[in-house]
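*Asks:* Each chain, letter by letter, is given below.
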Amino acid sequence: MSTHHHHQEDFLFKYIFSTDHKMIAKQFLITGFIMGFIGMIMSTLFRLQLGWPGESFWLVDALMGSWAENGVMAPDKYLALVTMHGTIMVFFLLTAGLSGTFSNLLIPLQIGARDMASGFLNMLSYWFFFLSSVLMLISLLVEGGAASAGWTIYPPLSALPQAIPGSGLGMTLWLVAMSVFIVSSLLGSLNYIVTIFNLRTKGMSMTRLPLTIWAFLLTAIIGVLSFPILLAAALLLVFDRSFGTSFYLSDIYIGGQVLEHTGGSPILFEHLFWFLGHPEVYIVLLPALGITSEIISTMSRKPIFGYRAMIGSMMAIAFLSFIVWGHHMFVTGMNPFLGAVFTFTTLLIAIPSAVKVFNYITTLWKGNIIYSPASLFSIGLVSTFISGGVTGLVLGDSALDINVHDTYFVIGHFHIVMGLSAIFGMFAGVYHWFPKLFGRMMNNKLGSLHFWVTIVSAYGVFFPMHFLGLAGVPRRYYTNSEFPLFDNLVDINELISMFAIVAALGQLLFLFNFVYSALRGPRAPQNPWRANSLEWTAPVEHIHGNWYGDIPEVHRWAYDYSKVDENGEYVGGDDFIPQTTPLGDNEKDGGH
Amino acid sequence: MSSITIENINSKADLKRKTAKPLLWIGIVSIIMFFSGWTSAVIVSKGGAPDWLNINLPSAFTYSTFIIVLSSLFFHFGLIAIKKDQKSLLKVLVLLTLFAGIGFVISQFLGWKSLYNEGIVATGSESTNASSYLYLITAFHVLHLLAGIISLIVVSVKSFLGKYSSTNYLGVELSLIYWHFLGALWIYLFFFLKYIA
Amino acid sequence: MAIIITVVVLLVIVTGVQILKIAELKAISQGEKIYEVSEKESKSQAYLMLVFLVFYFGFFAWQVVAYGDRMLPVSASAHGVGIDSLMTVTMAFIIPVFIITHILLFWFAYKYTYSSKRKATFFSHSNKLEMIWTIIPSLALTVLILYGLSNWNSIMTPVAEDEEHVLIELVGQQFSWGARYAGEDGKLGRANVNYIEGTNFIGVDASDANANDDVIVKGEFHLPVNVPVQFVFRSSDVMHSAYMPHFRAQMNCVPGLKTQFNFVPTITTKEMKEITGNEDFEYILLCNKICGAAHYNMQMNIIVESKEDYEKWLADQKTFAAN
Chain A
1 MSTHHHHQED
11 FLFKYIFSTD
21 HKMIAKQFLI
31 TGFIMGFIGM
41 IMSTLFRLQL
51 GWPGESFWLV
61 DALMGSWAEN
71 GVMAPDKYLA
81 LVTMHGTIMV
91 FFLLTAGLSG
101 TFSNLLIPLQ
111 IGARDMASGF
121 LNMLSYWFFF
131 LSSVLMLISL
141 LVEGGAASAG
151 WTIYPPLSAL
161 PQAIPGSGLG
171 MTLWLVAMSV
181 FIVSSLLGSL
191 NYIVTIFNLR
201 TKGMSMTRLP
211 LTIWAFLLTA
221 IIGVLSFPIL
231 LAAALLLVFD
241 RSFGTSFYLS
251 DIYIGGQVLE
261 HTGGSPILFE
271 HLFWFLGHPE
281 VYIVLLPALG
291 ITSEIISTMS
301 RKPIFGYRAM
311 IGSMMAIAFL
321 SFIVWGHHMF
331 VTGMNPFLGA
341 VFTFTTLLIA
351 IPSAVKVFNY
361 ITTLWKGNII
371 YSPASLFSIG
381 LVSTFISGGV
391 TGLVLGDSAL
401 DINVHDTYFV
411 IGHFHIVMGL
421 SAIFGMFAGV
431 YHWFPKLFGR
441 MMNNKLGSLH
451 FWVTIVSAYG
461 VFFPMHFLGL
471 AGVPRRYYTN
481 SEFPLFDNLV
491 DINELISMFA
501 IVAALGQLLF
511 LFNFVYSALR
521 GPRAPQNPWR
531 ANSLEWTAPV
541 EHIHGNWYGD
551 IPEVHRWAYD
561 YSKVDENGEY
571 VGGDDFIPQT
581 TPLGDNEKDG
591 GH
Chain B
1001 MSSITIENIN
1011 SKADLKRKTA
1021 KPLLWIGIVS
1031 IIMFFSGWTS
1041 AVIVSKGGAP
1051 DWLNINLPSA
1061 FTYSTFIIVL
1071 SSLFFHFGLI
1081 AIKKDQKSLL
1091 KVLVLLTLFA
1101 GIGFVISQFL
1111 GWKSLYNEGI
1121 VATGSESTNA
1131 SSYLYLITAF
1141 HVLHLLAGII
1151 SLIVVSVKSF
1161 LGKYSSTNYL
1171 GVELSLIYWH
1181 FLGALWIYLF
1191 FFLKYIA
Chain C
2001 MAIIITVVVL
2011 LVIVTGVQIL
2021 KIAELKAISQ
2031 GEKIYEVSEK
2041 ESKSQAYLML
2051 VFLVFYFGFF
2061 AWQVVAYGDR
2071 MLPVSASAHG
2081 VGIDSLMTVT
2091 MAFIIPVFII
2101 THILLFWFAY
2111 KYTYSSKRKA
2121 TFFSHSNKLE
2131 MIWTIIPSLA
2141 LTVLILYGLS
2151 NWNSIMTPVA
2161 EDEEHVLIEL
2171 VGQQFSWGAR
2181 YAGEDGKLGR
2191 ANVNYIEGTN
2201 FIGVDASDAN
2211 ANDDVIVKGE
2221 FHLPVNVPVQ
2231 FVFRSSDVMH
2241 SAYMPHFRAQ
2251 MNCVPGLKTQ
2261 FNFVPTITTK
2271 EMKEITGNED
2281 FEYILLCNKI
2291 CGAAHYNMQM
2301 NIIVESKEDY
2311 EKWLADQKTF
2321 AAN
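Residue numbers (the numbering used here), protein chains in the order written: chain A, 1 to 592; chain B, 1001 to 1197; chain C, 2001 to 2323.
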């Protein structure tokens, strides 16, 4: 035993203002999940309204109070719920919750660094996120209610309290909260990029990095390039709302009078918003794809197929994500030639996506798949990525988009390809790296049950939405009952709502498993999944600096699973070879 | 099992030397994206407005441009000085940079004042998008510049306390990179506002 | 109510904890490493993969059968036929892709489940395979893109000035629609929110001579069959979107901006009643861009009829000047 005096941090700095990346990862995870559960409860509430419009529900009454008289929510509060559900899920759960948790946890551990480049900025990043979450939740309680203009907050609706009550104080708080959120996201991304480029351990070349790290790197780069644009857009909206400028507003007659604003254009907002908005899809998706690449390889005891192609396709997706934003605006009256260009760039994304899908499938081929909950969710992700991805070819085609734009077809598409894929990636990550987060194991049987309930009910919710869309049902409708045209779709809406309730209840299995395992789960061994990457060489208990003694040196890539020699025997005697193991005498390194 | 010792944790100074500059550079990239968002917005707005108001920039903005170039030169020679261990020269040059920076802010205020006197206002029914953008973009540049001035104050205090030497000038370098960036950003914005907006 | 629910939830949690603990203790007493996924467990999950595949395809097929006839009827506009066949071609591409990839995914997931007797195959890359699944999608996409864009370009070309057509302006406002016909001169009078007053709810400029013969209607508007209709869209408050699903037509209404779209209606309301077998069928214009509390109920009926009936109807409407 060493006699070094171990510095005893006090509670405040260990658990609250921690600069340790592992603690910050846990903070992001738990805050993100709390926000996610709130967002999910919101969706359950509005699904009750959509499934059985006008009926009184005890749950709606209990949770929404004066927003829902006699247990039936008011139409503008329905829109507030939809708006907050979207905002919370996209930004707070799937951006900060997903990328914040796993970038923080895995970047230093998988590249072999003591911590992030700047622990202080990292701590700030979390606390800005926390502040932003609190502000966003407070906005639910203010007069007029929370922001109600949709998560895309298109002006003029979002600019004028006369247009909808939620565009008053609720919208102001939304803008403040999102600005704080952007600062948090930028501070995080800065750190991730610099850490990956500068603090890799000896031998950890860029082509030996696990795909998780590549995904986090590209995500952070997209974030640094696109989030400032959202801030720029939001600030112009703030000025229009509060200081009498007219960047987005022109020719408006509302509440019996003509407004002074002239010369602005709401289309400008859409351009700025979607310049972030579309890359945001990949900010959400890439970390999930990175996580599953790692898990599918580890759990099928095979190297990931086409490592370089996986990196290349992620780069292609990241690049293309910046030149496709116009496909959200085909029916805004944009120049048809521009529409054609955006159709072309958008459909190109299908190519790297197809490469990724086939590479995942080939990785499973002739593998030796161990079914932990993480493997189940990873395979589930490949399924959702395909199911939601193929309909992108419909929506990305400007001519087809005309008739399905803003219908439930879109809702079905993006919830499956972005929402489900990202949350499946996140669940997979939590099950897989729970031992690294909490030093304990989650219960596998409960996890498997959670997976099956989730995937069945999630497809039950989102698949029928395509049919609603093809029947012409617009999104963001409080009820479909005002149109005789939609009268024969009532049972579809009921089915979706029933699946939504099952899906929500199914998540309680996860919540229970998570809390129980974090407190009482069996202690984790050093390397429970027998994986190659560096984080499993670090001690189970969390220590400042990640490794006792020197940081391990890396001699190979992270995917030497089931490598055999000429005699068909495992190299190194087992079906995995940690990155820290030097190459054997006659061993080929496979170009890594 | 051994505990962690100071030897096997990268020392803080070491870590800073390795990561401070890249952190700053990427931060600068995000600021560039922010301003390119707004300048693109100007182009989009202008394209949609046949009655776009062409504003002649006040002469004060031209003086600002010279002042900020001058300040960057001062600071640049400051770095060269400290690399040669000329500590007192650094003090003088950093102070000159600081004064020039404050001069730039004052000059910008004079510019806004003369715009205002010409009846070009930022907000309200008298304003146009062209004028709102002009005020907003220049004001947010000054906001970013204030951060630069704070860093200059820190550098000057530290140089008077003799904290820098030919082997330890990372702080000067970081402040200098950011200050050069602010100058370059202003020159871009100046020409953009003069000839494109 | 709240107390009962709290008690029930607490009981469920306590029971859950006890069950988990017992299961873990049992596993430990039998010498298992409880965190490890046993071969048996992997096997049963692999079977579930196959079960799921069958369920998923079954669910898909069931929806196609059960919901298929509730989709929008045949396109009631000329260009919509093109959109529908483009949709058919796209579906003919994506549904097989969806089915084949899912079969591969879940079949491999089932077949290659863990066995301690087997070794996984070390297979890290193959340039040939990767080329195949880069090039084949690229070729398929080229076809889709070219086909899609040829449709798009013809749809977005405005009606030529000298061609016989009807010019209609649709104005969205919270939470109703107004339609304005250009009248005999074929020209719409100037309009702007500044002129909105009383019954002049869409803000037509009375001093513009072109406005005199304009016809403004609410509640429903009529279209002649087989005559090109050129639409101009405006909004007088927030953004709206004029969505006419049966005609495969949609365009946003943006305050401060005029947008346009055109189509040729090809099936009259009466004919569509027969096609759908629904006596009450009406074409509809609805708002498809979130615009406020009553967004869900912002509608206007569209009546497509013969040219003669249409002209008779239009002649019965009061002109702007007469109002």
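Incorrect hints may appear among the rest.
As the list claims (entries may be wrong) - Result set (DSBU-like, lysine-lysine): computed pairs, CA atoms no more than 35 Å apart in a straight line:
1) B:1046 x A:14
2) A:366 x A:445
3) A:445 x C:2187
4) A:436 x A:14
5) C:2111 x A:436
6) C:2218 x A:436
7) B:1018 x B:1194
8) A:588 x C:2117
9) B:1194 x A:202
10) C:2128 x C:2117
11) A:445 x A:588
12) B:1018 x B:1113
13) C:2043 x A:366
14) C:2187 x C:2117
15) B:1046 x C:2033
16) A:202 x B:1163
17) C:2218 x C:2117
18) C:2258 x C:2218
19) A:366 x A:14
20) A:436 x C:2187
21) C:2111 x A:366
22) C:2117 x C:2033
23) B:1113 x A:202
24) C:2218 x A:22
Said to hold, decoys possible - Covered stretches of chain A, going by a simulated chain C footprint (3 or more residues, C-beta under 8 Å):
25) 189 to 199
26) 213 to 225
27) 294 to 304
28) 372 to 385
29) 397 to 408
30) 512 to 523
If you're looking for bench data, these hints aren't it; they were derived computationally from the structure. No residue lacks a Cβ here, since even glycine has one placed at the ideal position from N, Cα and C.
*Asks:* It remains to establish, for every hint, whether it holds in the given structure.
*Replies:* Results of checking the hints against the structure:
1. B:1046 x A:14: violated (53 Å)
2. A:366 x A:445: holds (25 Å)
3. A:445 x C:2187: It is violated: about 71 Å lies between the C-alpha atoms, which goes past 35 Å.
4. A:436 x A:14: holds (17 Å)
5. C:2111 x A:436: Cα-Cα ~31 Å, so holds.
6. C:2218 x A:436: violated (65 Å)
7. B:1018 x B:1194: Distance ~40 Å between residue 1018 of chain B and residue 1194 of chain B Cα, so the pair is violated.
8. A:588 x C:2117: holds (25 Å)
9. B:1194 x A:202: Roughly 51 Å separates the two Cα atoms, so the pair is violated.
10. C:2128 x C:2117: holds (30 Å)
11. A:445 x A:588: violated (39 Å)
12. B:1018 x B:1113: Judged against 35 Å, a Cα distance of about 44 Å means the pair is violated.
13. C:2043 x A:366: At roughly 15 Å apart (the allowed maximum being 35 Å), residue 366 of chain A and residue 2043 of chain C satisfy the hint.
14. C:2187 x C:2117: violated (82 Å)
15. B:1046 x C:2033: violated (69 Å)
16. A:202 x B:1163: Distance ~33 Å between residue 202 of chain A and residue 1163 of chain B Cα, so the pair holds.
17. C:2218 x C:2117: violated (76 Å)
18. C:2258 x C:2218: Distance ~20 Å between residue 2258 of chain C and residue 2218 of chain C Cα, so the pair holds.
19. A:366 x A:14: violated (46 Å)
20. A:436 x C:2187: Violated, because 72 Å separates the two Cα atoms, which is more than 35 Å.
21. C:2111 x A:366: This hinted pair holds, its Cα atoms lying about 8 Å apart.
22. C:2117 x C:2033: At roughly 20 Å apart (the allowed maximum being 35 Å), residue 2033 of chain C and residue 2117 of chain C satisfy the hint.
23. B:1113 x A:202: violated (58 Å)
24. C:2218 x A:22: violated (62 Å)
25. 189 to 199: violated (count 0)
26. 213 to 225: violated (count 0)
27. 294 to 304: holds (count 5)
28. 372 to 385: holds (count 5)
29. 397 to 408: holds (count 9)
30. 512 to 523: holds (count 4)
Hints 1, 3, 6, 7, 9, 11, 12, 14, 15, 17, 19, 20, 23, 24, 25 and 26, counting from the list given before, are not met by this structure.
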